[in-house]
Amino acid sequence: MSVAVNKRWTPPERRSGTFRKLRWSLPRLGLRRVCGTSLGLALGCLLVVALPCRAEPAAEFDAANKLYEQGKFPDATAAYERLLTNGPTAALHFNLGNSRFKRGQPGKAIFHYHHALRLAPRDPDIHGNLHFARRSLGATVDESLGRQLLRKLTGDEWAWVAGGALGLWFLLLAAGEGLPGKRAAFAWLTRTCGGAALVSIGLLVAAHAERRLAAEAVVVVAEAPVRPGPLAESKVAFSLRDGTEVEVLDAKGDWVQVRASQQRVGWLKGDAILRWD
-12 MSVAVNKRWT
-2 PPERRSGTFR
8 KLRWSLPRLG
18 LRRVCGTSLG
28 LALGCLLVVA
38 LPCRAEPAAE
48 FDAANKLYEQ
58 GKFPDATAAY
68 ERLLTNGPTA
78 ALHFNLGNSR
88 FKRGQPGKAI
98 FHYHHALRLA
108 PRDPDIHGNL
118 HFARRSLGAT
128 VDESLGRQLL
138 RKLTGDEWAW
148 VAGGALGLWF
158 LLLAAGEGLP
168 GKRAAFAWLT
178 RTCGGAALVS
188 IGLLVAAHAE
198 RRLAAEAVVV
208 VAEAPVRPGP
218 LAESKVAFSL
228 RDGTEVEVLD
238 AKGDWVQVRA
248 SQQRVGWLKG
258 DAILRWD
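Numbering (the numbering used here) for the sequence shown: -12 to 264.
Think about it this way: if two alpha-carbon atoms lie no more than 35 Å apart in a straight line, the pair counts; the simulated DSBU-like pairs of lysine-lysine are: (1) LYS53 x LYS139; (2) LYS239 x LYS256; (3) LYS89 x LYS239; (4) LYS59 x LYS89; (5) LYS256 x LYS222; (6) LYS256 x LYS139; (7) LYS89 x LYS256; (8) LYS53 x LYS89; (9) LYS222 x LYS239.
Using C-beta positions, here's what the derived DEER-type ranges look like: (10) PHE157 x GLY216: 52 to 62 Å; (11) HIS195 x ARG69: 26 to 36 Å; (12) ARG109 x PHE157: 27 to 37 Å.
The hints are simulated quantities; they were obtained by calculation from the structure and are not laboratory data.
All residues carry an ideal CB built from backbone N, CA and C; glycine is no exception.
Using the sequences and the accompanying hints, generate a full structural model.
Dropping the structure here:
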């Protein structure tokens, strides 16, 4: 597979939506009023300093992309990981997944693709590369329709939907009180918006709970022996290879209990997996 990197740096605070459509912008400064010469000069100095600071990650991102395009995948991986100290973005995790996949590390690639999807859940490129990585391993992961729905939006987007529906409902209630003669005309619309607000709030709560309770992980070692109990002396029941996605059920010390495909359950060392929950 020819895997192309995302060539546009996305600042960490712009995490929702499709990352290829995001635009570079300076942070908004929440100043209601600027008064006094000294404050104005201080603000000017702050912006002068901010410009090169914000340009620096973009330049480093471009440099990392060039390393990737030159086939220097270990160097590209290291460069992308250094950029993560500025804050995670979908583009960074996407490119990290690509570079890890090129290095023959499907588990870590899948780990980063899942992180990217949390920040840009509807991006077709991320979905495509995740599916390709799974197919290369001969793996399939079935998600329920409910989980697919809850993961269509980020947590912030679900909050905006719920807040918008609730705000519109309150406006209609206020309009009905302020215009008694029109109350009957507003009644059906008010009830509809009220129902939509309740549904959206329920979806917000469900999405938040699903994200917090989901215990998903992926094997990131060549072969992870799985045992019936959390003891090194236990006989190996089966093994999981790099890139196998599992559900974490329990943890005891350095051991984690996981469930793999076909409902196989057992214990393996915690450093054999990476979790993205």
